[in-house]
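Visitor: Each chain, letter by letter, is given below.
4 protein chains.
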Amino acid sequence: MPGSTFGTLFKITTWGESHGKGVGVVVDGCPPGIPLDEATIQAMMDRRKPGSSSASTSRKEPDKAIIMSGVFEGVTTGTPIMIMMHNKDAKSDAYKPYADLFRPGHGDITYEAKYGIRDWRGGGRSSARETAGRVAAGAVAKAFLDRKNISVSAYTTALGGIKAEKRDLNVINENPFYCPDTDAAEEMQQRVLAVKNEGDSLGGIVEILAAGVPAGLGDPVFDKLDAELAKSLMSIGAVKGVEIGAGFEAASKKGSENNDPITPEGFATNNSGGILAGISNGDNLLMRVAVKPIPSIAIEQNTTDRQGNPRTISTKGRHDISAIPRINVVCEAMVCLVLADHLLRQKAILSVNNDQ
Amino acid sequence: MPGSTFGTLFKITTWGESHGKGVGVVVDGCPPGIPLDEATIQAMMDRRKPGSSSASTSRKEPDKAIIMSGVFEGVTTGTPIMIMMHNKDAKSDAYKPYADLFRPGHGDITYEAKYGIRDWRGGGRSSARETAGRVAAGAVAKAFLDRKNISVSAYTTALGGIKAEKRDLNVINENPFYCPDTDAAEEMQQRVLAVKNEGDSLGGIVEILAAGVPAGLGDPVFDKLDAELAKSLMSIGAVKGVEIGAGFEAASKKGSENNDPITPEGFATNNSGGILAGISNGDNLLMRVAVKPIPSIAIEQNTTDRQGNPRTISTKGRHDISAIPRINVVCEAMVCLVLADHLLRQKAILSVNNDQ
Amino acid sequence: MPGSTFGTLFKITTWGESHGKGVGVVVDGCPPGIPLDEATIQAMMDRRKPGSSSASTSRKEPDKAIIMSGVFEGVTTGTPIMIMMHNKDAKSDAYKPYADLFRPGHGDITYEAKYGIRDWRGGGRSSARETAGRVAAGAVAKAFLDRKNISVSAYTTALGGIKAEKRDLNVINENPFYCPDTDAAEEMQQRVLAVKNEGDSLGGIVEILAAGVPAGLGDPVFDKLDAELAKSLMSIGAVKGVEIGAGFEAASKKGSENNDPITPEGFATNNSGGILAGISNGDNLLMRVAVKPIPSIAIEQNTTDRQGNPRTISTKGRHDISAIPRINVVCEAMVCLVLADHLLRQKAILSVNNDQ
Amino acid sequence: MPGSTFGTLFKITTWGESHGKGVGVVVDGCPPGIPLDEATIQAMMDRRKPGSSSASTSRKEPDKAIIMSGVFEGVTTGTPIMIMMHNKDAKSDAYKPYADLFRPGHGDITYEAKYGIRDWRGGGRSSARETAGRVAAGAVAKAFLDRKNISVSAYTTALGGIKAEKRDLNVINENPFYCPDTDAAEEMQQRVLAVKNEGDSLGGIVEILAAGVPAGLGDPVFDKLDAELAKSLMSIGAVKGVEIGAGFEAASKKGSENNDPITPEGFATNNSGGILAGISNGDNLLMRVAVKPIPSIAIEQNTTDRQGNPRTISTKGRHDISAIPRINVVCEAMVCLVLADHLLRQKAILSVNNDQ
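Residue numbers (the working numbering), protein chains in the order written: chain A, 1248 to 1603; chain B, 1248 to 1603; chain C, 1248 to 1603; chain D, 1248 to 1603.
Be aware that a few hints might be false.
Any copy will do: because identical chains look the same in the list, a pair fits if it lies in one copy or spans two.
[What the hints assert, rightly or not] Computed cross-link-like contacts, DSSO-like style, restricted to lysine-lysine with a CA-CA straight-line distance of at most 27 Å: (1) K1413 - K1311; (2) K1268 - K1563; (3) K1343 - K1268; (4) K1443 - K1501; (5) K1563 - K1501; (6) K1410 - K1338; (7) K1395 - K1343; (8) K1500 - K1563; (9) K1296 - K1501; (10) K1413 - K1501; (11) K1500 - K1443; (12) K1500 - K1296; (13) K1501 - K1343.
Note that these hints are calculated values from the structure, not bench results.
Build out the structure end to end from the sequences listed, making use of the hints.
Guide: The following block contains the structure:
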């Protein structure tokens, strides 16, 4: 029944719903001695903040991250780190009209089916607001990975059908969509504004690259590194697909095209996405997620109420046009969490051999 | 470190490597009173058997499934069901030439990195032979789902770039590729034979459909039904991508196109793949996996030996041209296992409410 | 590495240290629809409050429990319930003199060994203050068990060598030690005052009785009900022993004395403590824990500093003379949590059979 | 529902029932490179064999341990190690008369309550035969601990009320009861023979000592080392109590008596049993378990049949008089498993700090 815990050694548990008192996360298993302060967490939280692009809602979510435990004299102690954000600027009344309706594309109908009850205020637990806790935890994981020289970046490679042709990671912080192709970013901007006027919304694709990942991470056969990455990314509300390396393109390749030749200097290509047989191979990890369009749209749609009567709904209010770019840092956080967990899992094996 | 266990309430643990004494699985948590015999399991195992299509190896793997425990007087007792298959017809000597080489696209190099040691005979634990245990466990899950009128089917929608245009599930058992489009199946056959002659291999796409799934399965936020399905499917060796419902196509749709309207009779479309906010919505579950081409090919490839010296390798011998169609039943098994687990998890909630 | 999570379906994660900003717990997996408010939790928290008996510290811990999430319109929603208490009246300076010393009987030396760092303020995470989160979670579990007519009581059967001869549960709330024997309670009072004057401390025994527990709870072979109860109780800091039913006395009995005869009306005796082969048998659950004396004493003791130099220590300040009676409600909470978890686990099985 | 898996990083899953085809265990997470062969496992299995003392059944259980996977060229590979024993000399017909009866002190009645079905042949899954898998797994753990110079010994300190006064571990292999006091062992022998003639059975106490355990093992707050040891030992069928260090005696001590003074040379006493705040302190681990008398006795007892009618039962046949001494090696195995698991868990932390 519970599903709010993720990870084995680097383990997180999130809590909180959209319009409750707050949201947060317990990070249990972060190694001791990692420097950590609220500013580090806030920096990552701020990338999730709405309003940074034309695609995002104007709802103010200052999301001031407070470290409640687990840090002493500026470093982690190895004990649970609880980080919380108070909910502010939540306008529950705006959701009252929908309290008795099922919004298409949302979890209203399924939460009702599962629990027989739901918190209709802002989507309750199914709100994207839940990801605030993930990002806070991801910031802790990132602080740990930094010390191991592992870096993770998420960027937009498609939005509303506009595809990035280039992969210039130097420019991703220079446009509102974290897009590695400046020209594409400009087209995305036009596309977003046009669709906004239509009262519609857009989906897209986020690519995540992890560099500096040592070979050996991942636990066959069910806890393969790619399996855990897939789970972590698919657990983000708007994600409908995950692929590693060549991904779905591998399906139409021949073995001679898809295999990455091995040379004394490393792999000649990276169709594997840095993972072979579920274990990292020392190359960059590369993966992509398909993000569905935001289901809340102003255009009128058919639905039913809780009693099953036909109704229509048009969602006006403060909504993102696309989960991109706010979702990018959530993807990044999840990949950081998986890597931190598997780094520790692999440390256990290595140290056994090393100190014999 | 360990990764051979999957599931929370319906929990399986597989063991065994390609050329060891055998492979098998412990199924723990199957409810008591489910009729089960070796013939039921064997029927599902036989669908994994090589030789049923031109794409598969001629290695004989009779895979006689033996129930070692957990069944008494024809029904499950609720205690662990261990099912094993002895390894037969394993020709380890054929792998000796590669003992010191890393086969491109295989886990040789990553197992070496992870464990510092590897069983080079037939891929050891990274062999697709490991999936025999999954299928045996899947047969147990299927027996349980049968009683709940839930059915799961896996079929081939693409092979070597040939795509099935139709979805006629009535014909999937009438062609060697379990393809729901007879015309496409014939093209696939031509494609396989051509590539076989080139000494190359092919990938493809498997679609899995689950019907009769009640609304309410899946545990937000990390153990969402789609997240667990993604993990279970991505944990299959050859899988490089997973998508649910519209999947990657959702990325280029607008909200008004992607949302499934709700009517008193149910959902008007199924872009969600039967899952909203990580919980089943009562519609059919629909998902697809990208299967990479078999990495073992006769064409010469660049690689290195364990010491890092440049070498070439050409894998001759008994290998599948494509993991499809043998992988289909593995996908089906994994989906059955996830559903059995979440069905039990949801039963706990429901019964609490029902008997109050 | 992490160890702050307990339970499978009814799962809790505690966080917080003695002198940090607060302590709390995430309860994940509580069934939806259970009435819950802060007053219910506070009532159980208050039983953990110091000052209720002569054996307890005068430190003020108002422990105002705040429900941060998971409750909507007065009932649980099935999503994570976060409950927190701000730390108040924490006098960290009082611990400065010991920052460089290892207090005998405390976790100072082992936290240092494990993490290489420790929060010396009030014992940090190893403080009994951590149990506040357990009690808050236990109150949620109790609210669930109430609906199933399961009740759990913890009471003192020994303190400082004084043993309760009677088991009159009606009087346990009428004396400060929750002792089911009024005469013994008076002797305990004398004993506590005498030892207080000596600057010493006392241990004792707490017995826990659970009534109304249905037969069938517990998952053989490792997650037996008694095994999980033993873990849950032994995880309380001061507990050094756990026994079920006849416990250590069973070791000197003969089979004919220890077996509980079965009659059409039920078991004739209850040496088993209500558990056979790890599964509840429908009788009352009965168990006892050995509580060691509080290690912080005014009497001077030998120790070393962090550098290994011999030192002496005398702990003056606000300390309990005995963990009893404050620990009683913690024991009760842990038993409630185990029962809630296993009740849900068993519901899964039962419902499978019932609705076929 | 499932409960047959134990451990986090060093994880085992047992399977099999008394009169099924066999029993066994999957050990997942054993580090690679540990020398292991069947003889090593067999040596530990043989200590569980009946017939070594007058207290044990004459049933022949050769228990030939077969390694089915996970070992290649004499060392572990890091992949699952499956070890199995075929069931031999099982006389199911001897149990037919009891198929409809609930044997007092046995799990018959509770398995029936839990699963609605039970395998009545020899106790099915609730049989002590299940522990064969534990011992095989314990032998693997022991092989790992050997390399870390950690040793674990279990010995009898009480049997049928006769207590060992001495702790001479040199003599424990020189008497049939693994008793560290030769005089007591002789008395135990007399006691066993007397009770055997009465058709009755005996309980006792087993003490387990682990030497060479490094400080730092155990994960606060729920996965404390003592909590996990308590669970592991209480999960053994006949165990009704567990205590660490001074255990129940600590309940009547004063703090000044119970605290172990710390000196530059180590702890002056060991009332803690080597564990403070749930973490090993570098001293010997010391714990004791209470073993109840074997419930199968020849003396007639009251019971009911499955329909609730009053009946009597007298169990004649091949039964142990006491679970001691066969249970000793099971206790030893469980302690080895807990230590192996926590050693790996702690390695993860240490290596993080070491290689920074």
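Visitor: Work down the list of hints and note, for each, if the structure agrees.
Guide: Results of checking the hints against the structure:
{"no.": "1", "hint": "K1413 - K1311", "result": "neither (35 Å within a copy, 52 Å between copies)"}
{"no.": "2", "hint": "K1268 - K1563", "result": "within (24 Å within a copy, 40 Å between copies)"}
{"no.": "3", "hint": "K1343 - K1268", "result": "within (18 Å within a copy, 35 Å between copies)"}
{"no.": "4", "hint": "K1443 - K1501", "result": "between (42 Å within a copy, 11 Å between copies)"}
{"no.": "5", "hint": "K1563 - K1501", "result": "between (49 Å within a copy, 16 Å between copies)"}
{"no.": "6", "hint": "K1410 - K1338", "result": "neither (35 Å within a copy, 48 Å between copies)"}
{"no.": "7", "hint": "K1395 - K1343", "result": "neither (48 Å within a copy, 34 Å between copies)"}
{"no.": "8", "hint": "K1500 - K1563", "result": "between (45 Å within a copy, 20 Å between copies)"}
{"no.": "9", "hint": "K1296 - K1501", "result": "between (43 Å within a copy, 23 Å between copies)"}
{"no.": "10", "hint": "K1413 - K1501", "result": "both (25 Å within a copy, 24 Å between copies)"}
{"no.": "11", "hint": "K1500 - K1443", "result": "between (38 Å within a copy, 14 Å between copies)"}
{"no.": "12", "hint": "K1500 - K1296", "result": "between (40 Å within a copy, 24 Å between copies)"}
{"no.": "13", "hint": "K1501 - K1343", "result": "between (55 Å within a copy, 26 Å between copies)"}
Hint compliance for this structure: hints 1, 6 and 7 are not met, and every other hint is.
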